[in-house]
Amino acid sequence: MPGVAAPAASRRGVAATREPDAIDRKLINALQGDFPLTGTPFADVAAAVGLDEAEVIARVQAMLRDRVLTRFGPMFQIERMGGAFCLAAMAVPEAVWGAVVEAVNAFPEVAHNYRREHGLNMWFVLATERPEGIAEVSRRIEAATGLPVHLFPKEREYFVEMKLEA
Amino acid sequence: MMTSPAPDPIGLDELDRRIVLATQDGLPLVPRPYAAVAEQLGCSEQAVRERLAQMLESGRIRRIGAVPNHYAIGYTANGMSVWNIDDAMIDAVGERVGALDFVTHCYRRPRHLPDWPYNLFAMVHAASREAALVRVEEIALLLEREFRGACKGRDVLFSAGILKKTGLRIAG
Chain D
12 MPGVAAPAAS RRGVAATREP DAIDRKLINA LQGDFPLTGT PFADVAAAVG LDEAEVIARV
72 QAMLRDRVLT RFGPMFQIER MGGAFCLAAM AVPEAVWGAV VEAVNAFPEV AHNYRREHGL
132 NMWFVLATER PEGIAEVSRR IEAATGLPVH LFPKEREYFV EMKLEA
Chain S
13 MMTSPAPDPI GLDELDRRIV LATQDGLPLV PRPYAAVAEQ LGCSEQAVRE RLAQMLESGR
73 IRRIGAVPNH YAIGYTANGM SVWNIDDAMI DAVGERVGAL DFVTHCYRRP RHLPDWPYNL
133 FAMVHAASRE AALVRVEEIA LLLEREFRGA CKGRDVLFSA GILKKTGLRI AG
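Protein chains in written order, with my numbering: chain D, 12 to 177; chain S, 13 to 184.
Keep in mind that the hints were calculated from the coordinates and are not lab data.
These numbers come from a predicted model, not from an experiment.
We put the CB at the ideal spot given by N, CA and C, even for glycine.
Keep in mind that a hint or two might mislead.
Said to hold, decoys possible - Computed from the model, here is a short list of chain D residues facing chain S with C-beta under 10 Å: (1) Asp45; (2) Ala65; (3) Ala69; (4) Asn116; (5) Pro119.
What the hints assert, rightly or not - Over 12 Å on every C-beta distance to chain S, these chain D residues come out as not near it, computed from the model: (6) Val107; (7) Ala155; (8) Gly157.
Turn these sequences into a full structure, and let the hints steer you where they fit.
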């Protein structure tokens, strides 16, 4: 791994480029519920929040572009499809931070990646189509970065609720 | 006696798989998104909506909707609180902590001794680091009150940036 220093600006990763306005926030809250499985779901959401369909679509596009939203669509639970998720962590030296971010993020199996303030400073979620794929991708990440990957598989889930009021 | 078959909790048939592939980057932002997916796959819109409904029903889809960048909506402090809990009480503690309204995820995970003694992970989101720490302290007080002696240590790992957040990808 070459000693490529990351510029400070990139350390926050995919930060949003602007703040959502009041209408965006209303829409974010509405879109964290269940998006309708109807023929015209944007029109249905629009009617519920008092906007028109074209404005809802345009605002969702703009919020994705500006990274106010990170995703819009179905959230798949890969474990129910025969696959696996696993939380993983690495202790990444600051001198190679940028290069390791790039190397780790290049793996399509890396679904999320966060910088955290700890000796283990990089925490990411692996998602693979087969449970045995977790160990394999972990070894490939170790090979690509030269750093050990610590795996923290979920032993039990007590609660998951990702909705946050905007 | 005829009974309807229970939905298969795992495994994807060919059409389900193609729907996952077509939507894992997100739904098309058009007035009739399910029709657009159907057109891409060469099936009926009704089939796409039915399959999505079945995948929601069986838990293969958690939900359909938006994931906000939590920094952008004001949750600038994302603290992963981690706890070293006596194995005999871990599940009772996990259920209790997971039920707190400010905890968004709560899991039991393996320790990595000697450096990582923590076996309970509880994610706390708040508008400031101070507010997140107050909530972590609330958890600590609750444990002391209701599970005396169960907690042997704790830490909080604050997020300093989202490096990637794409959600899962299956290969085509």
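Which numbered hints are broken by the structure, listed smallest first? none
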